[in-house]
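Top line first, the protein sequences correspond to chains G and X.
Position in the first sequence (first residue = 1) + 1306 = the working numbering.
Position in the second sequence (first residue = 1) + 4 = the working numbering.
Take the hints with a grain of salt, since some may be wrong.
Stated by the list, open to error - Negatives, chain X to chain G, calculated, CB over 12 Å:
id : residue
1  : Ser86
2  : Asp132
3  : Arg153
4  : Pro191
5  : Asp293
Stated by the list, open to error - Anything over 10 Å on all C-beta distances counts as not near chain G; from chain X, calculated:
id : residue
6  : Glu127
7  : Asn193
8  : Leu253
9  : Ile304
10 : Arg317
11 : Gln449
12 : Lys452
13 : Asn454
Said to hold, decoys possible - Pair by pair, the computed Cβ-Cβ distance ranges are:
id : chain 1 : residue 1 : chain 2 : residue 2 : range
14 : X       : Lys239    : G       : Lys1334   : 29 to 37 Å
15 : G       : Asn1490   : X       : Arg474    : 43 to 51 Å
16 : G       : Lys1750   : X       : Pro31     : 46 to 54 Å
17 : G       : Arg1594   : X       : Gln449    : 40 to 48 Å
Bear in mind the hints are in silico, worked out from the structure with no lab data behind them.
Even glycine gets a Cβ: it sits at the ideal position worked out from N, Cα and C.
Letter by letter, the chains look like this.
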Amino acid sequence: MNHLPLSKKEIKEMLKTIGVESVEDLFKSIPEKIKLKHELKIPGPLSEPELINYFENLASKNKSTEFLSFLGAGAYPHLIPYIVDYLSQRGEFLTPYTPYQPELSQGTLQITFEFQTLICQLTGMDVSNASLYDGSTAMVEAALMAWRIKNKPKILLSRTIHPEYREVAKTYFKNLNIELIEINYNQNGETDLNELKEKIDDKVAGIIIQSPNFFGIIEKIENISEIAHSFGAIMIVTIPEFLSLAILKPPGDCGVDIVAGEGQSFGLPLSFGGPYLGILACKSEFVRQMPGRIVGETQDMEGERGYVLTLSTREQHIRRERATSNICTNQAWCAIRATIYLSVMGKKGLREVAWQNIQKANYAKKELSKIDGINIKFNNYFFNEFVVEFEKDPEWINEELKKNGIIGGLCLKRYYPELENCMLLCITEIHKKNDIDKLAENLKNILVN
Amino acid sequence: MIKKEPLIFELSSEDKRAFQLPHLDVPAEKDILDKSIMREEIKGFPQLSENEIIRHFTRLSQMNYCVDIGLYPLGSCTMKYSPKINEKIALIPDFLNSHPYFPEELIQGNLEILKITEELLCEITGMDAFTLFPSAGAHGELTGMMIIRAYHDSKEERRKKVLIPDSAHGTNPASAHFSGYEIEEIPSNERGTVDVKKLKERINEDVAALMITNPNTLGVFEDEISEISEVLHSKGALLYMDGANLNALMGITRPREMGVDVIHLNLHKTFSTPHGGGGPGSGPVGVRDKLIDFLPIPRIEKKEGKYFLDYNRPKSIGRIRAFYGNFLVVIKALAYILSMGPEGLKRVSQIAVLNSNYIRKSLEKFYYLPYKSPTLHECVFSDKWQNEFGIKTLDIAKRLMDYGFHPPTIYFPLIVSGALMIEPTETESKQELDEFIQAMRKIAQEAKENPELLKSAPHKTPVRRLDEVRAARNLILKWSK
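Put together the whole structure using the sequences plus the hints.
Below, the structure written as structure tokens:
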């Protein structure tokens, strides 16, 4: 109880001030019959060294750092400059809450304003919010925006969207009578425009496309935007690998109305899937339908520039059930990390990181395509992930790789039964040429046997 | 104190850099991508050196108030101290570098952490099962309401309404709405608790659930909770508890004993994980037996000594976000629970309630207390007595900053006009509490003698009172040259 700072004497004095005999007297409003009769059956208290030991023991059961991994699929290993950790660990960033009182929160507010600006610069959108939980829930919130803006019952979404994102959408929309219609992909691994044209009608509120898509392929956003707009639908792009925007044409230049994405690549470790960073940006005409916190610039009573939470009449604490979303707490600290990361990488550095991803993934693709028994599944432009098809069972191949300290890619069979021999591989700037060569070498040996 | 800092974009100039990438060690190729799908440089993106970046963010950090600096008595937010060792534990590389799709045998430690935390939260609340995946309290509410809906649906009952007391957090009605429900408000009685008579009038087979916060947002324990639970259950409806205020109850009573069917907790409140300026949080949801089948996928199970992720749950509401929630936040909460132990957690609740009552008693002659019922971990005053001098809650809050404190939650709960909702938590010293009390008393006096001082507050902060109306009217949501 190292952080309970009252002495026995002080407790006595305080009880006297209140006018009760004991601390127990303060709980008289709780009926006796529901009071707990036993002590909680939980372990502890553990001292600091015991606590560290306890968790180090659990961590050692993971054994994951010993392996070379080629997993991506919505969670990407990237370099994190040390100063991202150094700065973000400051108590001034970790231990305030939502900046309800702007005069005492200018740090968080200005950084969030900078974050919103960086996201707008990357996406080419007019407005960004202060963050949402993660990429999957951001995509759902974007779809809900389209649903409210258009007041129409259907949402089209491509099957090349991350399968877990699509599952989350199903969970959310089930109770809201929103019809989700999936659009299949073609032999190039991109959304099938013919099927899209067949399925779209004037009941569609929005179309959601992922790019780079789940197979790593860069979708033809401009064409799809045109189709969406010709039917009066909102065009939404979801981007789990936001780093790609350092190289790829920004959605704002491709006719996109709303961008939802995952900012984990910007300074957040893999962390077994969370906390990550939901990103949501849109055209300015839709700002009043946006969920979540938004920071705006204003002035104080002396005319000095300052920042506040704004447009709060959209939010649950004012509008209650008529709010644009139920969200309250978001991922502010993760957005701070992303802002620091993007500042460190800067204009040139971020592009170099993205470029190394493309170069290394391309090198890996070339090396793997030389191996008998491996086929590059889709011939198309990709960012840092691509799909390979094996002549043998990819799960067996992964087991064999693991024996040599390698975690291969994600087997796609579970999500796409028709891709039963396929695996999604991810190469980023953290992979050295040697790592890629080691993967190729091992696959060669495995496939020969 | 730092008063001003330019935006990072205004500090930037061409050709500066703060990070050197390792040399590209594969043969570089041109024209990998078609020009038509590529962009030009990112216009306006910052370019600074490392030391400039350190200064920029350090200066900005100094414009933030935080728990590490002092009392942060936001009601219903439980701004307690976040133990530092828990941060270090969450940085262990085997947790940080763990990919969500690693093979199960390489994430046994992670799965064990999730399972142990679920079990400990079950013991603390008396619930039969927990999911740790909701990312924040409101996400937990949404998950909980979806579970309730799936439960009624499974019985082919199409219940349309959710009852919510008028003192509830705004997230409650919003979460119920996004689960497809209509909202009906239940008024509070003169004691500040749910009016059970009115509840009995409103309850029928169309009601899916009541969402209750206990202790409620006035800090008052809903002492008729058992009867409320019986009334609901007699019509087949469920009792949902918003666990935002669990910090008052640990080791003293449990939602199970109260007859609660579904609860969400906030690990960033009760279980000390840092609030991070507004997230990441974590909003685990606990349920009783009959609702376990509806919990989101995946579930963490154990077979032959090995943990695994179970997706074969046909009745589940489905997935509520990608992967497995805010895992690092869960680690910190588990570390907190283990470091406190059973006695420690009970002590936490006792001292949290003691501190709040000490503040209440010390201020009740200076500020109007609209509800006289006994309170637990928080108390709610109003600006009624200060209104006489033209002073509003906002003025009191802003003046408090000049005394070096973060203001309480203001203008909430909505049933109190001009509310000042104070939750000190257990991690404050008597000295800190006394200084806060002194400041509040002085402000009450200033309101009488020098109201202008309050109306023009704050005076000592990096910026003076900010014009929120202007921000909303003239939207500037990003920097431009």
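Hints, one by one, checked against the model:
1. Ser86: violated, 6 Å
2. Asp132: holds, 15 Å
3. Arg153: Arg153 of chain X not clear of chain G: closest Cβ-Cβ about 6 Å, inside 12 Å.
4. Pro191: holds, 15 Å
5. Asp293: Consistent with the label, Asp293 of chain X stays out of reach of chain G, its closest Cβ about 19 Å off (over 12 Å).
6. Glu127: violated, 5 Å
7. Asn193: holds, 14 Å
8. Leu253: At about 8 Å from chain G, Leu253 of chain X fails to clear the 10 Å cut-off, so the statement is violated.
9. Ile304: holds, 12 Å
10. Arg317: At about 13 Å from chain G, Arg317 of chain X clears the 10 Å cut-off, so the statement holds.
11. Gln449: Answer for Gln449 of chain X: holds, closest chain G Cβ roughly 20 Å.
12. Lys452: holds, 23 Å
13. Asn454: holds, 17 Å
14. X:Lys239 / G:Lys1334: 29 to 37 Å: The hint (29 to 37 Å, Cβ to Cβ) holds, given that Lys239 of chain X and Lys1334 of chain G are roughly 31 Å apart.
15. G:Asn1490 / X:Arg474: 43 to 51 Å: holds, 50 Å
16. G:Lys1750 / X:Pro31: 46 to 54 Å: Given range 46 to 54 Å: violated, Cβ gap about 20 Å.
17. G:Arg1594 / X:Gln449: 40 to 48 Å: holds, 43 Å
When held up to the earlier numbered hints, the structure conflicts with 1, 3, 6, 8 and 16 and fits the remainder.
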